[in-house]
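One-letter residues, chain by chain:
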Amino acid sequence: MKTLIAARMERCIGCQSCSLACARLVHKRLSWYTAGIRIGSSGGISTGFEARVCLACDPPPCAAACPTGSLTPRKSDGGIKQDKKLCIRCGKCVAACPVGAIVQDELDNPYLCIHCGRCVPYCPHDCLELAEKGTANVVQEVAE
Amino acid sequence: MIRPHFRVVVVDLTSRKTHAENIPGRAEWLGGSGLAALLFEKYGNAGAPWTDPAQPLIFAIGPLTGYFPLMSKTVCSFLSPYHGQYTESHAGGRSALALRFADMDALVVVGKAARPSVLSVGSQHMEILDAPFLWGKDVFVTGKMLRHMLPGSGTRSIMRIGPAGETGCAYACINVDTYRHFGRMGSGAVMGAKNLKAIAILGDASFPLPEGKDYATAFKEIHSQLTETTMMSKYHDLGTAGNVAALNELKSLPWRNLQATTDPGIDGISGERFATDMLLRNAACAGCPVGCIHIGFLREKFMADHRYLYRQVAYDYEPIFSLGSMLGFTDGFAVLGLMDAVEREGLDCMSSGVALAWATEALQKGDVTQEETLTPLTFGEPEGYKAAIRHLGSGANEFYRRLAQGTMKAASRYHGEDYACVLGQEMAGYATGETFFVSESLSFRHSHLDSSAYSADQKPQDKDADKVVAGFVKDEASRCVLTSMVGCLFARGVYSAERLQQALTSLGYADVAANLDAAGTDIQRLRWRLRMRSGYAPMQATIPKRYTEVVTWKGPIDTQYMETLRQTYARKLMELGQEV
Numbered sequence: 019m020k021t022l023i024a025a026r027m028e029r030c031i032g033c034q035s036c037s038l039a040c041a042r043l044v045h046k047r048l049s050w051y052t053a054g055i056r057i058g059s060s061g062g063i064s065t066g067f068e069a070r071v072c073l074a075c076d077p078p079p080c081a082a083a084c085p086t087g088s089l090t091p092r093k094s095d096g097g098i099k100q101d102k103k104l105c106i107r108c109g110k111c112v113a114a115c116p117v118g119a120i121v122q123d124e125l126d127n128p129y130l131c132i133h134c135g136r137c138v139p140y141c142p143h144d145c146l147e148l149a150e151k152g153t154a155n156v157v158q159e160v161a162e
Numbered sequence: 398m399i400r401p402h403f404r405v406v407v408v409d410l411t412s413r414k415t416h417a418e419n420i421p422g423r424a425e426w427l428g429g430s431g432l433a434a435l436l437f438e439k440y441g442n443a444g445a446p447w448t449d450p451a452q453p454l455i456f457a458i459g460p461l462t463g464y465f466p467l468m469s470k471t472v473c474s475f476l477s478p479y480h481g482q483y484t485e486s487h488a489g490g491r492s493a494l495a496l497r498f499a500d501m502d503a504l505v506v507v508g509k510a511a512r513p514s515v516l517s518v519g520s521q522h523m524e525i526l527d528a529p530f531l532w533g534k535d536v537f538v539t540g541k542m543l544r545h546m547l548p549g550s551g552t553r554s555i556m557r558i559g560p561a562g563e564t565g566c567a568y569a570c571i572n573v574d575t576y577r578h579f580g581r582m583g584s585g586a587v588m589g590a591k592n593l594k595a596i597a598i599l600g601d602a603s604f605p606l607p608e609g610k611d612y613a614t615a616f617k618e619i620h621s622q623l624t625e626t627t628m629m630s631k632y633h634d635l636g637t638a639g640n641v642a643a644l645n646e647l648k649s650l651p652w653r654n655l656q657a658t659t660d661p662g663i664d665g666i667s668g669e670r671f672a673t674d675m676l677l678r679n680a681a682c683a684g685c686p687v688g689c690i691h692i693g694f695l696r697e698k699f700m701a702d703h704r705y706l707y708r709q710v711a712y713d714y715e716p717i718f719s720l721g722s723m724l725g726f727t728d729g730f731a732v733l734g735l736m737d738a739v740e741r742e743g744l745d746c747m748s749s750g751v752a753l754a755w756a757t758e759a760l761q762k763g764d765v766t767q768e769e770t771l772t773p774l775t776f777g778e779p780e781g782y783k784a785a786i787r788h789l790g791s792g793a794n795e796f797y798r799r800l801a802q803g804t805m806k807a808a809s810r811y812h813g814e815d816y817a818c819v820l821g822q823e824m825a826g827y828a829t830g831e832t833f834f835v836s837e838s839l840s841f842r843h844s845h846l847d848s849s850a851y852s853a854d855q856k857p858q859d860k861d862a863d864k865v866v867a868g869f870v871k872d873e874a875s876r877c878v879l880t881s882m883v884g885c886l887f888a889r890g891v892y893s894a895e896r897l898q899q900a901l902t903s904l905g906y907a908d909v910a911a912n913l914d915a916a917g918t919d920i921q922r923l924r925w926r927l928r929m930r931s932g933y934a935p936m937q938a939t940i941p942k943r944y945t946e947v948v949t950w951k952g953p954i955d956t957q958y959m960e961t962l963r964q965t966y967a968r969k970l971m972e973l974g975q976e977v
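Just so you know, the sequences run in chain order A and B. Take the first sequence: its letter number 59 is residue 77 in my numbering, and every next letter is one higher. Take the second sequence: its letter number 355 is residue 752 in my numbering, and every next letter is one higher.
Bound conformation, chain B alone (with noise of 0.2 Å):
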């Protein structure tokens, strides 16, 4: 609903009661983002631990969700497992058209249930249910189970953890609808220390649309834009998975836990081997016209006489490298069941390949004993893999519970640092060099899509690094604004600043259009001083060796001016987290 403040629902799992609040600052905060820092500050503690029940986990939308396609997405903030300190992670499917119609901006979740239960919300809803039944079944037996539990099939959403979330697994995701997830930073493991199996959000109400022809004449542009032009067709067509063999050709494709960023075998795992063999069919954010998601089939026979089943597996281009390339694999089926296997423990899909692929390593280099892995791994080998994914959810042995605990973790103690592919968490799928490791290293949310620095990478660049440092800057502050609407970052070449601000007036929000430029600055200084108080210490950040001995196609990596860019963003970011 168009409202001038935001209406912010609080449930508490232990006293099972909810209150809504109407807390002002839209034009400040936007939403998304901005909303999910500031009910941060309001509701968490920056100074305790992630575990202390009285921590909140926030989802957010904001001004615009709903109202134009491709403003389908949610924030989820929280404190991370990961590393203990303010986190946010984003995902769509239908979670972010279900806070909207269940009128909600957004949704704090604080408390602990006293058993394994189920949180039920809509417009006139709200129900904890006793759903011990659930605990220790997998992502998918869950989805179906609730299907039939709860009320508003079709106009709900449906977000859920697999065994990763219940034990305490640092990469444990939520998983949105099947197919999309709040994947990285451990928000899963958040919902298991809550005794939280699921959250169901209803979408059951609906709101008037504002009078007059802006609305419509901008719906109208924003929607051709979007869908009459090329400027969505790469996500359309391959969809991110169209990036693999690209990658691969610019030697920037990590293989075999970054031992080699080309391989010969790239023809077997590419987004044209997957569309052309294994695409199933695509689904889509509701919301969103442009449907990426990729959704990939697998036949395996179980039995003699010719007896199979099937599986559908999402797929994309990071997972097809952090199960694929990173694991040594040239065979997409082979690909799409290890994907499987990581959706069915609600563990983050990146961050497991490459805590698999950091195993197999050490594993061969003695470091770790089969023992401690309790299965053989082998790059390109499947089955040890799916036993270790299982092995991973469930934290089997000590050797599984520190791993599931972060991969430097587990390095650490069993003296593999050096080859460990850590960027702040298990990297993302991007080789491409010096800006991008740095990137990922420090930024906020240690992800690919903090800011543009593997794009920037794979084009010629001068070494200044004050200028990279000023672009990292700049691009973050952009991309909140763009989190805080809450839109797709994959349509932020169609909803420039211009388009936002049309969109926003049209809706009445013109205090808030006016006000884009010094929010964006504003959120992303109030993002970092989260991060602080909880302990981010980002001159201590560092990158690991594996990182000094990669080729992209630039040559190897310049590891002087990787420290100087390093030094110099770990310095802006302390300025930008300082207390006003």
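Next comes chain A alone, as it looks inside the complex (with noise of 0.2 Å):
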């Protein structure tokens, strides 16, 4: 299946636009926040920026957690699927993800990617693919 990599944050410029793309069109809201991707500097804005969003882990962690069947391994190269009617909104997926790629709000639903890829065509600089996983980052265009 295929899963979005943040394959070329060396090109990002902090605008954030896929945190926003995320929140505004997979969960109708304006946020750059309650996302599945967020941008965030790597030690202050001089140092450029990363991404945290779900590394598609296989078995994934937080679905091993999840007390209710909210969150179920996707059919095959990692990464979840989610079904929001069962989630308890207990948390503990947050604490089981290994990088911090899942947030809750304020009443505490949690926010992770689900790789439906929504954001790429949002980064001007093409810092994200969705691609099967292991082929992303191999092709760099060159610039004209």
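If you're looking for bench data, these hints aren't it; they were derived computationally from the structure. Treat the hints with caution; some may be incorrect.
[Stated by the list, open to error] Using 25 Å as the maximum straight-line C-alpha spacing, the simulated BS3-like pairs for lysine-lysine come out as follows:
1) Lys871(B) <-> Lys942(B)
2) Lys46(A) <-> Lys856(B)
3) Lys102(A) <-> Lys762(B)
4) Lys856(B) <-> Lys698(B)
5) Lys46(A) <-> Lys610(B)
6) Lys856(B) <-> Lys631(B)
Values in this document were obtained by computation on a predicted structure and should not be read as measured data.
Reconstruct the complex from the two isolated chains, following the hints.
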């Protein structure tokens, strides 16, 4: 299955268009935080940016930690499926994620990447890619 | 959040308490410039000095902030330490979205902290931290320390001052998220006078979007105009620095304290040269896919045995003019070095460069001595300027303390008024002609962005003062609308009145959309009333002799026309600022 990969973050300019797009298109929210991908500096804005996003662990520890079955592993290639109706907002998934890719809003609803790729076209520098696992970042376009 | 009123958070540094107020008037005052003026009328006192602790420092966003791309600016309003009158300064970075997600249409800071402090606010958070250990620290060190002290990495904005704000320099800036600034008119000194070293805004809330398809449609159309057409390409490509060579070619780039308007050494500081030799990477304000911030790199050998350090310095047209051509530099790396020094002190780069250009000519003419400047100042020699920038920031002696109050204030003491390049404040980098000189001298912010005067000067025009002034006034009213949304002025070609109306209507602000024209005029007039109440006398504004000696692509300045235009505009401003 295709996976969202923040393949070229050294190009990132910190505009947060990806986070805003995820919140707007996937979660129907205006936010730069309650989104499946979030951008922060690596250590101050002079140091460039990094993405907090699901790495598609296989098997995913967040799904293992989820007590209700709201998060379950995808069929292949890691990552999860989310059934929001089953979520009891316990936050176990947040604690289980080894890279801090899951956040909760003020009502404790969890937000995490579902690898849909809807953020990808909003990145002005092609930092993001929806690709089969292991194939992203292989081809680097050459600037004109 | 979409709501018919403004949610305003007022922080009193004296009592260390905060409260939120709901204030009506969205359709009349929009947000941004309009909201800031409304709030100054409520919380400020135009008759009292700017140093009065009760005077507010206001940060306001607009109804479209965060909902649409390039709606990414914040308006800061205050009584200016530069002239004691009501003014605005604009900046981006993350400030606007942070305010949106902190659920504030505006943040108003009043009072004075008992000791150096840092204010940290969010949608569910308010804290005033004692921070005497940060006092005296430069802008970059302060930013690095605050990163570890405050919550919310990635979803916050950190606005801070350097030594210049602490010492009351009238053109101290507020640095926003390292590479942007509330640059002009001395907002940094307002923070300094309040004992406020930094403000961190934590954007920790999220909001539902409007139902239906209108918002998605409006977003898609606006986003595609901004990213798929060539309308923003000049900002994306070379950035504003692309104008440097063009203005030099037009004999409109100020060199060596405006003793010339063109120079054959231009290739060393052109936007093309910066992009080829110095550009390290780009950055963006939050919510802007254009990414016009251009960051240059500077590699410095600081010790034998090939020991180097590197600096990252954001450059633009204005700092290249003010710290480059204005100071006689034809080497871009030297200019980056001065930009870095100015950033650290928390000075406005434009005023600092123009002030030092005046000081250099004053030293050459013998109007001031090296005893006063403490260091040699020679056009094209960087080391003296680096030392002088530190002296300006720290207020090292009486000369620098005077110069830090404004070039004309120093010039009047040392008899150098004729060659002070001051148009209301230290000039912006457009020696384009009569229209711009009059516009910047008199306009509300004394900014090149108050009108399109510098652009008008670059085309043939008839010298009809009434027509030109009518153009200034109309232009200002339409810019008042955009700076109330609050949109980046670089996107003014995309955000036409119709586009703004579409965007507002899609969010449920049909009443606001229907009132844009009237609101623009009302905001313009309220700003001028506040300016007049705080002491502005436009008829008395003068244009220094140096501007009568300028030669542009059109030839020598027509001084008679410039004077007619000045008087016509000043009379119009008196009318705009009349009490109702």
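Now the hints, each set against the structure:
no.	hint	verdict
1	Lys871(B) <-> Lys942(B)	violated, 29 Å
2	Lys46(A) <-> Lys856(B)	violated, 47 Å
3	Lys102(A) <-> Lys762(B)	violated, 76 Å
4	Lys856(B) <-> Lys698(B)	violated, 46 Å
5	Lys46(A) <-> Lys610(B)	holds, 12 Å
6	Lys856(B) <-> Lys631(B)	holds, 19 Å
Checked against the numbered hints above, the structure violates hints 1, 2, 3 and 4; every other hint is satisfied.
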